[in-house]
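Line by line, the protein sequences give chains A and B. By the count of the numbering used here, the first sequence reaches residue 1239 at its end, each step adding exactly one. By the count of the numbering used here, the second sequence reaches residue 459 at its end, each step adding exactly one.
It should be emphasised that the hints constitute simulated quantities derived from the structure, not laboratory data. Keep in mind that the hints are not guaranteed to be accurate.
[Unchecked claim] Quick list of in silico lysine-lysine cross-link-like pairs, BS3-like style, CA-CA up to 25 angstroms:
| no. | chain 1 | residue 1 | chain 2 | residue 2 |
| --- | --- | --- | --- | --- |
| 1 | B | Lys56 | A | Lys1058 |
| 2 | B | Lys417 | A | Lys1084 |
| 3 | A | Lys1084 | B | Lys411 |
| 4 | B | Lys120 | A | Lys1160 |
| 5 | A | Lys1160 | B | Lys89 |
| 6 | A | Lys1160 | B | Lys314 |
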Amino acid sequence: MDLIDFARGPALQWSLALFIFGIAWRLIGVLLLHRKVDHSLPRHQDTTMGGVRLIFSRMWPKPEFRQSNAVHYALSYTFHIGLFIVIFLFRPHMLFIRDLTGLSWPTLPSGFVYVIGAMTLATLVAMLVRRMSHPVLKMISNFDDYFSWAVTALPVATGLLAVSHLGARYETLLALHILSVCLLLVWFPFGKLMHATLFVISRGTTGALFERKGAST
Amino acid sequence: MSEIVDNNPLDLTGTRISVQKPEVRYDVQGEMPDEERVRIAMRSFVKDFGAHSAIYMESCIHCGMCAEACHYYVQTGDPKYTPIWKLELFKQAYKREAGPFAFVYRLFDLKSAVTAQQLQQWQELIYDSCTMCGRCTMICPMGIDIAALVSQARHAMFEAGLVPHELWAVAERAEREGSPLGATASTFADRCEWMADEHEVEVPVDKERADVLVTISSIEIMKYPNTIADFAKVLNHMGVDWTFRTDGYEATNFGLLSGNAAWQKDMSMKMIKAAIACGAKTLILPECGHAYGALRWQGANLYGKPLPFEVLHISEYLARGIKEGKIRLRQWPESVTFHDPCQVSRRGGATAAPREVMRALGVKLTEMGEPGLNWCCGGGGGVVTIHRADELRYKTFELKMKQVEATKAEHLVSSCSNCRQTFDDGQAHFQWDKTMESLLEIVAANLINT
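This is chain A alone, in the form it adopts within the complex (with noise of 0.2 angstroms):
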């Protein structure tokens, strides 16, 4: 078996199997824990909208708190718009997940998905660095921050070096590209990456508990 059909294979397999374990794992360890009733008589009664207002508010950063953390909200927001352009607006991409899903969306041209690729590289290697430097992130980073970056910067680099041909064959780029995305897959559900799905856990219990006290969100 070839380094790619391996890739493809059973590698894309075995990782996307761990993936979607994991992630239920850990999502259904912490939501089946109980939840005690609260007696107290709420200033708002329904409180699902409160919820889903903080998934959706706390996007936006607050304008007391715009100027102090600007750096990293221009780095995140880079970050993120950029790895959401290259892994679903690139037309390969959207290729592969058709072929296994049967879903197809519009996409952008390569050569712009190219430099937003670039883009987001520069963007997570600027946030390394800041974590390794900034006197609070390196205070309480730990070996998962340093891994999830690896494995997220992983798939972006061996991509970049797949669409332009350099260092080796293609398919043995476009091999470990896979194979790096399947690093990523396997240690989602144990790491910080999680925070993709639980994002909309954590927002929306805080915004649900809050709005019943009519507290500030």
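Got chain A sorted already, so can you dock chain B onto it with the hints?
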């Protein structure tokens, strides 16, 4: 007299009320081996770990943004004051003992066990440098309620006997005497009589039946006793059937602040039982921040079922009285900025009420930024009682002074007596020309009695 009273006499003469000469630093209570202390702390933290706390523990992405929302970090630049870092040991304990992958962490020893020395170091982060003001909750991109987790960590620290001594001392006194500051039932009754004479106002105490039970804070009884008369003036003006009760008057809850859940319940139950005994339909909480959180939002849960009466902060009761036409006010067209007590407003939801009262007074209000999001006074969460935290507290108070000054308002008004003593203490320390005024006091002084 217990040992604690002998060793830590109350200081009632200073600008803030606490105990005198705390001698023990890196405080520990009780005799037990270090390993036992750690085991109790961590077991206590993960015990009853509900879905909400677990979700928060799972969700942190280590972005560090909460640092910029915390007055301790902003004023010192010391990364150890990053709010989520204050929970680092407890996060480790959660991952190792209670998380969905705890077995993996334990199997491969991926999270090292917490040590007694680390816990002692964290005492400063959990108590001295966190007022649980919740600004960090407002900035967290994951929406983690960090302040609620600190409160949970305090439970663990209390069980392990790792509470700052003064805070432990006033909490113990509150549990034993009914007041953290020596305002026993008889002292309170005496003060009511004194205020009734002084202000020539009727102050009903221990009525058997009343529609409204009014509670008060020890800080008010001992330091701002005029509050007793102000309550009486307003409620008598409204024609309300009300009473104070010596079996349930104290609204401060040092059980909550120190982290002792059993004492917290005892303190809340006194007010709940007194309200039930007199058949009150409404229980009014005084100008006290944490008292609001403790009874309004946690009281029914300690009682085990919905309370048979409503609980209102005094600012909410005043706003309702004005809306119903029961309070008639002279205009007080002064230039005012309002300090939102964190637990009443940001975390309690009663942000609109004081503004409705001020509108009725006709004040010219200049906000300190978004209502409910202003800087904490720095004295909440029991921090004002902790002597060793004074230097740090004054640093955070500078931030508050700057925020107040920026409004250029002539009057600084708030509705929390704990904030008030923190402002008084800060004012004395910095020889500041602003004195915090009580909203209730201003209303009482501007009633139109026909």
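How the hints compare with the structure:
1. Of the pairs offered as hints, the one joining lysine 56/B and lysine 1058/A holds, with about 13 angstroms between alpha carbons and a cut-off of 25 angstroms not exceeded.
2. Distance hint between lysine 417/B and lysine 1084/A is fulfilled; the C-alpha atoms sit about 24 angstroms from each other, no more than 25 angstroms.
3. Distance hint between lysine 1084/A and lysine 411/B is fulfilled; the C-alpha atoms sit about 20 angstroms from each other, no more than 25 angstroms.
4. Note on lysine 120/B and lysine 1160/A: the hinted pairing holds, with a Cα-Cα distance of about 18 angstroms set against a maximum of 25 angstroms.
5. Distance check on the hinted pair: lysine 1160/A and lysine 89/B sit about 11 angstroms apart at the alpha-carbon level, within 25 angstroms; holds.
6. About 46 angstroms separates the Cα atoms of lysine 1160/A and lysine 314/B, which puts this hinted pair outside 25 angstroms; it is violated.
Taken one by one, the earlier hints fail for this structure only at number 6.
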